[in-house]
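> If you want the building blocks of each chain, they are given just below.
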Amino acid sequence: MFHALVAIKQVPDTTNIRIDPETGNLVREGVPAIMNPYDAHALAEAVHWKRKLGGKVTVVSMGPPSFIVTIREAIELGADRGILISDRKFAGADTLATSYVLAAVIAEVHAEDPLDLIFFGKQAIDGDTAQVGPGVAVRLDMPIVTYAVKVRDIDLQGRTVVVERKTERWTEVVETPLPTLLTCEKEIAEIPFAPLPDLIRSLRYDPEIWSREEPIEFDSGQIGVRGSPTIVYKMGTPPLPEAGEKVNARELGVGTAVSHALDLAQRSGILSAVLGGE
Amino acid sequence: MAIRRFWVFIEQEAGKVHPVSWELLGVARMLANQVLPEAEAAGDQVTVEGVLLGYQVEPIAKEALCYGADRVYLLDDPVFEHYRNCPYYQTLAYVARKHEPEVFLMGATTLGRDLAGAVATALGTGLTADCTQLAMGEVKGAKQRLLLATRPAFGGNIMATILCRQHRPQMSSVRPRVFPMPERISEPTGEILKEEVLVTEEGAKACILEFVHAKGESVNIEYADVIVAGGRGLGSPEGFKLLEELATELGGVVGVSRPLVDAGWISYAHQVGQSGRTVRPKLYIAAGISGALQHKVGMQNSDFIIAINNDPDAPIFDVADVGIVGDLYQVIPEMLKQIRALKETAA
Ligand SMILES: Cc1cc2nc3c(=O)[nH]c(=O)nc-3n(C[C@H](O)[C@H](O)[C@H](O)COP(=O)(O)OP(=O)(O)OC[C@H]3O[C@@H](n4cnc5c(N)ncnc54)[C@H](O)[C@@H]3O)c2cc1C
Ligand SMILES: Nc1ncnc2c1ncn2[C@@H]1O[C@H](COP(=O)(O)O)[C@@H](O)[C@H]1O
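Keeping their order, the protein sequence lines are chains P and R. Plus 7 on top of the position in the first sequence (first one is 1) and you've got this note's numbering. Plus 603 on top of the position in the second sequence (first one is 1) and you've got this note's numbering.
One chain only, chain P, in its complex shape (with noise of 0.2 Å):
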């Protein structure tokens, strides 16, 4: 029997942040909270093997019981058991004391029901870091694959997997021994239509809380503020540059407009090291 996990975040939906021009600050109203994109690819992509394979999904997710919709979101598109890691000493968290919480968690769950794959998104969009996933990976000192696009094979009997990942310059294929952690992209898998059992099911299911003492117990050192090494010290809104000149080509003449344009970039010595002249 195939058992994988996925940890997923909920998120801000950041195409729709805004921030008061009045007064610098981030408006939160109205601003929908959804399962980080990445995870929800990441998530179908288990699914996607559990019904291959035989077998089930448990997702994880840390934050405060808000995620419990999140939750719900993957018991819908196809995972078995949920579970949030919610408690107020949490809060405050880095992505090291996220990945301390998060590999104690996974280690629990694997103790428990030996796992096979582990699947974490490319990055949670709010914060764009990418760290949680090789950060859990050290923790557990598991093979990790970054930036998933496909899971070619899964070999249960002879313990490994191929997977392939996409860098900068190549695809790579590449086999690591199970358990191993995937960090995905989208297009590792598409997002299925929920079937309907799953979607009646995800109205009731109640997830699993567990807190900082409960059914294990975590080092209060290594979680929430205590825990994170990084502190924000200062925010700001970005400087404003300096705006150059505005030529109006409906009154100039598009003609005259584009000299012009040019004519400065001439001057700035900008157009002939483009152009290779002298």
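Wrong hints could be hidden among the right ones.
[Claimed, not checked] Chain P regions said to be covered by chain R (calculated; three or more residues, Cβ under 8 Å):
id, stretch
1, 126-140
2, 179-192
3, 204-218
4, 258-264
[Stated by the list, open to error] Label-pair restraints from in silico Cβ distances:
id, chain 1, residue 1, chain 2, residue 2, range
5, R, Glu-804, P, Arg-58, 53 to 63 Å
6, P, Thr-244, R, Glu-805, 48 to 58 Å
7, R, Cys-810, P, Glu-224, 17 to 27 Å
What the hints contain is simulated information worked out from the structure, not anything from laboratory work. In this text, all values refer to a predicted model and were calculated from it rather than measured experimentally. Even glycine gets a Cβ: it sits at the ideal position worked out from N, Cα and C.
For chain P, the structure is supplied; the task is to place chain R with the ligands on it using the hints.
Chain R with the ligands only, in chain P's frame:
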């Protein structure tokens, strides 16, 4: 006397160095200079050092000296011939524990991002990803200057400055082209130190079966000298022909804003901006791009920017050296005509 070491991971693949390594050596030198007065007062030494892993890559170590490294730690072994997470992170963690750098910078490339989070976790220290500004600054309560690592947060709308007070090294990743290329010196004085390699093939935990090279186009807009970029103002994919024509005329490449990639008009490799590439060409022409923050952070360091937009209030004009208020479908053909004429008179 202590040595305050500023480290840079020298990234190479298949014997080819990633130029971000040199950009980071420039940054490390700048940071080192910022602590020099307090270090001298305390009798401390300050050095800029590179760490290089690979197989038969000694020429790259020599090159790193030319870009300002005082010392390069070289780990040359067949196990490092192709990049793999496990042997690389274990080795970097090992050399970092041994030499205790104060600051450790890596490129935020695909390879660098795979590696940086693993190294930071192995060392139990903090890592700030995708920094756009770095400085060694005085912080209340700290005996020495600390690394102030500034990065965009919340979709680029806010800049956050991150500190790592207690743990060492203070780690940051930086995207290619955020910082300029430093001057190359031809008679370097630095040294290369060979380090013992402790990892083995058995411990690599991964085996690369095959490299598949993409057929056809492989654009690298990051290091292009000229970029002609288009946005939603193009209106339809036909507008690309104009962009391409102008790009070809100027010996450049085509860039785009994100909506065009989302719409499937062109591949992600062409996207400029926060979730695409950071570029700093000599000339950047932005046509039909409004100039959202997330686009501007990717191109505002270009040497010269020409913006073309029919809305006189478009924010792209705020970063442009010269803005042309007008319809791109009239302006670009005219520009093509005038550039061709300029080339002819030059010839
Ligand atoms: C987390 C996050 C990451 C993002 N990352 C990126 C990124 O990496 N890169 C990126 O580009 N965006 C990114 N975005 C999106 C960004 O916020 C903007 O939505 C996007 O840059 C807008 O693209 P645009 O300027 O082409 O389109 P629009 O904003 O629609 O602007 C089109 C412009 O064309 C002008 N125009 C129309 N017709 C003509 C004409 N005939 N001639 C001349 N001008 C004309 C209009 O006046 C307008 O200014 C990101 C957003 C988020 C939230
Ligand atoms: N709080 C969290 N709970 C569950 N998974 C997480 C959490 N934070 C990060 N992850 C996972 O780690 C990946 C990378 O996140 P990041 O390093 O923050 O970009 C995400 O795509 C998730 O799979």
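> Take the hints in turn and mark each one as holding or not.
Hints versus structure:
no., hint, in the structure
1, 126-140, "holds (count 8)"
2, 179-192, "holds (count 6)"
3, 204-218, "violated (count 0)"
4, 258-264, "holds (count 3)"
5, R/Glu-804 to P/Arg-58: 53 to 63 Å, "violated, 36 Å"
6, P/Thr-244 to R/Glu-805: 48 to 58 Å, "holds, 52 Å"
7, R/Cys-810 to P/Glu-224: 17 to 27 Å, "violated, 38 Å"
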